[in-house]
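For the protein sequence lines, the chains are A and B, in the order given.
Going from the first sequence to the working numbering is simple: count from 1 and add 127.
Going from the second sequence to the working numbering is simple: count from 1 and add 127.
Simulated from the structure, these hints should not be mistaken for lab results.
Mixed in with the good hints, there may be bad ones.
Because identical chains share one entry, a pair is satisfied inside a single copy or across any pair of copies.
[What the hints assert, rightly or not] With a straight-line cut-off of 25 Å between C-alpha atoms, the simulated DSS-like cross-links for lysine-lysine are:
#1 Lys441 / Lys154
#2 Lys154 / Lys438
#3 Lys230 / Lys167
#4 Lys230 / Lys213
#5 Lys441 / Lys209
#6 Lys416 / Lys154
#7 Lys441 / Lys230
#8 Lys209 / Lys416
#9 Lys438 / Lys209
#10 Lys375 / Lys364
Protein chains: 2
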Amino acid sequence: MQGCRTLWRADEMMISGVVKEIEFVNKYAFGVDIGGTTIKLGLFDGEGNILDKWEIPTSKSVDGTQILPDIAVAIEVKLQEKEIEKSEVIGVGVGVPGPVDSKGTIYGADNLGWGVFNVAEILSSLISLPVKVGNDANVAAFGEMWKGGGEGYNNLVMVTLGTGVGGGIIVGGNIVSGYAGGGGEVGHIHIEDGEEEPCGCGNYGCLEQYASATGIVRLAKRRLMKDDAPSRLRSRKLSAKSVFDAVKAGDEVAMEIADEFGRYLGKGLAVIASVVNPEVFVIGGGVSKAGEILFDYIRPYFLKYAYRVCKDTKFVLATLANDAGICGAAGLILNNDK
Amino acid sequence: MQGCRTLWRADEMMISGVVKEIEFVNKYAFGVDIGGTTIKLGLFDGEGNILDKWEIPTSKSVDGTQILPDIAVAIEVKLQEKEIEKSEVIGVGVGVPGPVDSKGTIYGADNLGWGVFNVAEILSSLISLPVKVGNDANVAAFGEMWKGGGEGYNNLVMVTLGTGVGGGIIVGGNIVSGYAGGGGEVGHIHIEDGEEEPCGCGNYGCLEQYASATGIVRLAKRRLMKDDAPSRLRSRKLSAKSVFDAVKAGDEVAMEIADEFGRYLGKGLAVIASVVNPEVFVIGGGVSKAGEILFDYIRPYFLKYAYRVCKDTKFVLATLANDAGICGAAGLILNNDK
């Protein structure tokens with residue numbers, strides 16, 4: 128893989144400005160986002176435009192050993208369908224749901240049944256193309272930096288508020304993977320000392336327990352049980368969406384829940400800012416569909432807890448939604464060393 | 128400055144292995160560490176060995192405007208004394224006590240009376256040499272990575288436990304300065320909700336309020352006032368040193384204070400690990416003179432609060448002491464792009 132990449136860089140160095148640009152447009156890359164139930168794939172041109180995207184199911188048989196062969200076949204079939212030569216493909220970027228180091232080794236992915244192995248090397252040998260691999264949340268952050276809400280910034284932190292809380296740290300345009308792939312695992316920042324229920328990770332009081340979609344439902348249940356204050360939430364199925372819909376309708380109990388959510392997340396983001404001081408926080412995931420009203424609840428607490436030079440950090444919403452993963456994965460190939 | 132650096136890199140590319148090495152040894156660099164009362168300076172050879180070091184007082188007259196001219200004169204005098212031509216000097220690295228961005232702009236340094244300006248550009252124009260500038264704690268971290276306790280690691284976090292708590296984050300061998308120079312400001316991570324005394328920064332509950340030398344004295348005073356439990360600390364002047372000396376002598380109250388210190392710092396380091404996941408924490412500053420016994424108190428809490436993939440993070444002591452600043456500053460010049 129390293130050899131192929133070096134070769135490509137050498138090509139790039141040998142050709143001049145205009146020729147290089149044409150050369151680049153005529154090339155292709157694939158972006159792959161491996162999830163627990165489906166694998167999303169995208170075919171991109173050299174500028175990062177999506178030409179085609181599709182999904183295949185995630186095979187969990189035999190400890191997930193069929194996943195990489197399935198991806199290789201899906202790519203081969205697409206190349207035939209589009210009549211693209213393999214020599215026109217710069218490489219394949221992949222996002223995986225687990226900690227990955229900068230060399231492409233994954234340190235376990237519970238959702239897939241995977242242990243520790245080098246994903247980049249194995250997929251590259253199956254498909255005979257250069258492969259780069261990143262953690263899915265980091266890769267989504269990279270996508271948002273390249274083509275989404277964080278476009279134009281190269282120091283950013285993306286926080287994905289979904290079933291859990293994921294994160295991706297970008298410093299100087301590069302993903303911070305961390306030594307053992309734990310870079311950007313901001314959902315597991317310890318944020319609350321008194322918590323009695325365990326987080327999915329086994330610790331107590333992780334940010335994910337309060338700021339994820341399921342965390343917001345927990346906060347809502349706790350608040351509703353506290354007293355009998357009237358709220359439209361009492362007659363609805365609790366979800367992050369129903370909470371923020373109630374906030375928008377002026378429901379005071381829902382506002383208290385949103386305030387609690389904002390306190391935890393604002394405090395967590397302030398802590399992150401004291402470590403890497405990004406220019407912007409990009410907020411994505413299902414919870415972010417509530418829109419900019421989220422910032423009204425996060426920002427006051429961020430300002431309360433942030434160190435002075437970090438207080439100007441901007442907040443924006445992610446814009447790529449489900450395409451962030453494939454887009455960022457393609458970006459690992461196309462936006463590399465540019 | 129950029130031009131000079133590029134020129135040097137071109138030189139480097141044009142000469143072959145052995146010649147390059149000799150060329151490099153015959154070059155020099157200066158490392159400068161600007162403190163509130165003294166400025167430390169060092170002359171280094173191309174391998175990063177200290178050839179000479181000395182100090183000059185920090186002039187605070189006229190809003191610190193004399194500081195950079197004083198440094199320029201000190202370097203010119205040293206060049207004459209050592210009969211070194213300016214063409215033999217690769218550059219001057221500088222650590223400054225305030226937030227600095229990657230271009231060398233400082234965003235205020237209260238201790239020096241400085242506002243916002245580009246330190247690198249001004250010193251470079253005074254001395255006619257390339258200048259690189261970093262925050263003093265970041266630069267010390269860089270020094271420890273290059274020649275100190277963190278040698279051999281290129282993903283590390285240094286935490287300096289002195290009067291305050293400073294920090295430096297190194298990712299992939301590079302300092303994380305942050306967008307507004309706030310990268311590595313780990314002393315101002317919010318770590319305690321109930322704090323009623325303000326931190327020097329104006330916030331409440333910063334890590335610095337518990338894990339610095341002064342923070343340890345605060346914890347000790349609080350513990351001693353709680354009851355009348357016997358302790359040798361009651362007859363001694365309280366300091367971080369007297370607390371850890373008492374710990375080593377088996378004083379139970381001192382052990383409780385050390386445990387409290389370890390809980391705050393271990394929790395803070397676990398949070399940092401979930402953001403950048405370093406391979407090693409390098410602990411420096413006056414408090415670190417207590418030695419590896421510190422780790423006995425920090426590690427259990429680190430393990431309690433850290434996300435699973437971060438639990439293997441190593442702990443080492445800084446080894447460069449007061450030379451970390453000048454050494455790291457010289458490293459900004461000599462260890463750049465190697």
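How the hints compare with the structure:
{"no.": "1", "hint": "Lys441 / Lys154", "in the structure": "neither (35 Å within a copy, 43 Å between copies)"}
{"no.": "2", "hint": "Lys154 / Lys438", "in the structure": "neither (42 Å within a copy, 42 Å between copies)"}
{"no.": "3", "hint": "Lys230 / Lys167", "in the structure": "within (22 Å within a copy, 40 Å between copies)"}
{"no.": "4", "hint": "Lys230 / Lys213", "in the structure": "within (23 Å within a copy, 42 Å between copies)"}
{"no.": "5", "hint": "Lys441 / Lys209", "in the structure": "neither (42 Å within a copy, 50 Å between copies)"}
{"no.": "6", "hint": "Lys416 / Lys154", "in the structure": "neither (34 Å within a copy, 57 Å between copies)"}
{"no.": "7", "hint": "Lys441 / Lys230", "in the structure": "between (31 Å within a copy, 21 Å between copies)"}
{"no.": "8", "hint": "Lys209 / Lys416", "in the structure": "neither (35 Å within a copy, 66 Å between copies)"}
{"no.": "9", "hint": "Lys438 / Lys209", "in the structure": "neither (49 Å within a copy, 47 Å between copies)"}
{"no.": "10", "hint": "Lys375 / Lys364", "in the structure": "within (17 Å within a copy, 58 Å between copies)"}
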